[in-house]
Every structure is written in structure tokens, then in C-alpha cells.
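Asks: Take a look at the letters that make up each chain.
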Amino acid sequence: MIPPLQPAAAAYADALRALEHALNASRAHWDDSGRQAFDRRHGDVIIAAGRQACTELQGLARDLNAAARMLDAPG
Amino acid sequence: MLEVRTRDEALVAVDRGLAQWAAAATGVLVQAAATASGAQSAAEAEVRRRAAKLAALEALRSSLRPGAETRAFDREIGQARDAQRTAILAAQRITDVAQRLAALRRSQARNADAQIGAARADLARMLTDLAAYHGPAAGGAGLSQGSSSGSSPALAPAPGGESWLADLGMTEFDVTQVDFSDNPILGSFTRSDDLTRADYRWAVQTWDQVVRPGLSRGMSRADFAARDAERGAPLRRRTAEVYDLFLGSKVIHLVRREDGTLDPDGGRRRIEIARELGIGRLPGKMTER
Chain R
1 MIPPLQPAAA
11 AYADALRALE
21 HALNASRAHW
31 DDSGRQAFDR
41 RHGDVIIAAG
51 RQACTELQGL
61 ARDLNAAARM
71 LDAPG
Chain V
76 MLEVRTRDEA
86 LVAVDRGLAQ
96 WAAAATGVLV
106 QAAATASGAQ
116 SAAEAEVRRR
126 AAKLAALEAL
136 RSSLRPGAET
146 RAFDREIGQA
156 RDAQRTAILA
166 AQRITDVAQR
176 LAALRRSQAR
186 NADAQIGAAR
196 ADLARMLTDL
206 AAYHGPAAGG
216 AGLSQGSSSG
226 SSPALAPAPG
236 GESWLADLGM
246 TEFDVTQVDF
256 SDNPILGSFT
266 RSDDLTRADY
276 RWAVQTWDQV
286 VRPGLSRGMS
296 RADFAARDAE
306 RGAPLRRRTA
316 EVYDLFLGSK
326 VIHLVRREDG
336 TLDPDGGRRR
346 IEIARELGIG
356 RLPGKMTER
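Those sequence lines, one after another, are chains R and V. Residue numbers are given in our numbering: position 47 of the first sequence equals residue 47, and the series is strictly consecutive. Residue numbers are given in our numbering: position 288 of the second sequence equals residue 363, and the series is strictly consecutive.
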């Protein structure tokens with residue numbers, strides 16, 4: 001039985017959504033030029049890297065699932 | 076949950092979001108790597124099982140009398156060969172997944188952690204600037220308001236003067252009074268967290284020479300994190316990690332035995348290294364038996 005990677009991929013996506021929510025929610029009280037500079041320098045970069053890693057992890061989960069299905073056939 | 080009402084609190088909320096993201100991302104990737112490793116083991120076991128089955132069939136086939144009916148055997152051997160090839164291919168693909176996952180983890184550790192560290196250092200600087208702008212009274216209130224209502228270690232109030240240990244409910248203990256002969260360090264010094272003896276030596280020395288004196292001067296974890304970010308300090312060579320190691324989740328707990336010696340719960344390696352380096356005292360939480 002090959003364990004799936006989907007739960008890890010889902011947890012990663014959830015954590016990234018929580019970060020995006022925290023960043024968006026804080027704009028109601030911090031939305032000046034300093035914030036824009038922070039987002040350009042850090043926030044946007046971290047979110048973009050997180051999304052890229054999330055996509056990659058989801059792809060790895062699909063690949064592992066496909067390989068696991070190959071082993072499901074009786075041998 | 077921190078209620079965000081002011082700019083200070085928004086800064087703290089962003090910092091907390093970043094800290095939680097860093098911890099969650101790292102944890103998930105560690106868990107994913109363990110899953111991939113388990114998948115590799117399972118696939119390799121399946122390859123071995125199918126190879127053994129094929130070998131058994133071939134041995135049986137070769138033991139048949141000349142002229143015996145072999146078509147059924149040959150068909151089964153062909154199927155077993157196909158099944159083995161499929162398992163080998165699947166195992167290769169799973170190994171590829173594990174390798175790509177390891178690369179993703181390395182990338183996360185190298186790039187994402189550095190990005191998050193730099194972001195949190197900037198946030199800490201902004202909070203300091205805000206406090207300076209507001210003046211001592213208002214600024215102090217802004218910082219403590221944000222940090223005391225949550226668990227953001229980076230923005231925790233700076234332990235001031237000589238009271239920082241007491242504020243944390245801790246004390247310094249004499250490492251020579253600790254006795255863990257009933258629970259010695261066995262085998263390799265490296266633990267499951269992969270910290271090597273060199274890592275421990277660096278951490279204990281840095282605690283004694285950098286972090287502890289800094290705390291006594293009123294520095295906070297955020298100050299250490301900012302310093303690490305400025306220097307581009309790599310993982311396991313960051314002063315903020317040393318802060319966490321001694322004052323965070325891996326605090327050394329000690330119980331004083333009736334004979335006066337101290338029984339440690341965790342921290343045996345740090346204590347041993349301190350003795351090696353001639354460092355007499357480390358921080359910990361003490362319980363009287």
C-alpha cells in the first residue's frame with residue numbers, strides 16, 4: 001500500500017491560504033507606502049514562491065498516485 | 076486570535092502569519108518527505124516480492140520433465156515478468172518523486188526561510204521605528220499590546236536587564252550539578268533532528284557569548300532575528316535559533332533530587348557540551364522534588 005501525498009499537498013495549500021488571509025486582513029489597518037514596499041519586497045515574493053511550491057507539491061502528489069496505481073494491479 | 080485595530084497590531088498580525096506559514100510549510104514538507112520515503116520502501120518491497128515470484132516460477136518451469144506441457148507455465152511466467160517490469164517502473168517513478176520532493180525541501184529551507192526571516196526582520200524594524208516615533212510611553216504600549224496578546228516569539232517583549240530569566244519563569248543552573256548517568260547519551264551524538272556535535276557546540280557557545288549577554292542588555296528575539304537576516308546567517312547558525320533552543324520549545328526542565336543533584340528532562344547534549352566548553356551555567360526551568 002503506497003501512502004498518498006494528497007493530504008500533505010492539501011495542508012500546504014491551506015497554510016498558504018491562511019498566510020494570504022493574514023496579509024489581506026491586515027491591509028485594513030496598514031495600507032500605506034510602507035506596506036506597498038513591504039509587499040513588493042517580501043509579501044508578494046513569499047506568496048509567489050509558496051504558490052509555486054504548492055503547484056509542485058500537487059504535481060508530485062499526482063505522480064505518486066499514478067505510480068501507486070501501477071502497483072495496484074495484481075502481480 | 077489577535078484582534079487587529081492599529082497599525083502596530085497589523086504588523087504583529089503579519090509577523091504571526093509569516094511565522095505560522097514558515098512552521099506549517101516546513102512541517103508539511105517534512106511529513107511529505109516521510110510519506111515519499113514510506114512509498115519508496117513499499118515499492119521496493121513489491122519489486123522484491125514480484126522478483127521472487129518470477130524466480131520461483133522459472134525454477135518450477137525448469138524442473139519439468141522434457142516433453143511436459145509448459146504453455147500454462149510460460150503464460151504465467153510472461154505475466155510475472157510484465158508485473159515485475161511494471162513494479163520496477165513504478166519504483167523508479169516513486170524514487171523520482173522522492174528526489175523532487177527533497178529538492179523542494181532544500182529550496183524551501185534555503186530560499187523561503189531566508190525570505191521569511193528578512194520579512195520578519197523588516198517588520199521588527201518597523202515596530203521599533205513606530206515605538207520611537209510614538210515615544211516611550213505610547214511606543215511601549217503599542218509593542219506590548221501586540222505581542223502580549225499573542226504567541227509571536229519574534230515580537231515578544233524584550234526581556235530587560237537582569238530580570239529576563241525570571242520573567243520567563245526560568246533560572247540558571249549549574250551544569251556540574253546535573254546527573255544523567257541513569258539516562259546517558261547513547262550511540263551517535265546526532266539526534267533525530269540532525270543537529271550534530273558541531274551544531275551543539277556552536278549553539279551552546281553562542282548562547283554563552285552572544286545571546287545571553289544580548290538579553291541582559293535588553294535585546295529581544297526579534298533583534299537576534301534581524302541580526303541573522305542582516306548577516307545572511309545560514310540555518311543552524313542563527314542566533315534566533317539559539318534563543319529558541321534555550322528559551323523556546325526546548326527549554327531544559329530540571330528536577331532537584333533529594334541528594335541535591337539535578338535530573339534533566341531534555342538538554343543532555345547541551346549540558347554535556349557546556350561542560351566540555353567550560354561553560355558553567357545554562358538556563359532552565361527548575362522543579363523541587
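Honestly, the hints are just simulated from the structure, not real lab data. Errors might be hidden in some of the hints.
One-sided and incomplete, this derived list gives chain R residues near chain V with beta-carbon spacing under 8 Å [what the hints assert, rightly or not]:
id: 1; residue: 1
id: 2; residue: 5
id: 3; residue: 8
id: 4; residue: 11
id: 5; residue: 12
id: 6; residue: 18
id: 7; residue: 22
id: 8; residue: 25
id: 9; residue: 30
id: 10; residue: 38
id: 11; residue: 46
id: 12; residue: 48
id: 13; residue: 53
id: 14; residue: 56
id: 15; residue: 57
id: 16; residue: 73
A quick note: this is a predicted structure, and the numbers were derived from the prediction, not measured. The C-beta atom is built at its ideal place from N, Cα and C for all residues, glycine as well.
Asks: If you test the structure against every hint from before, which numbers come out violated?
Replies: 12
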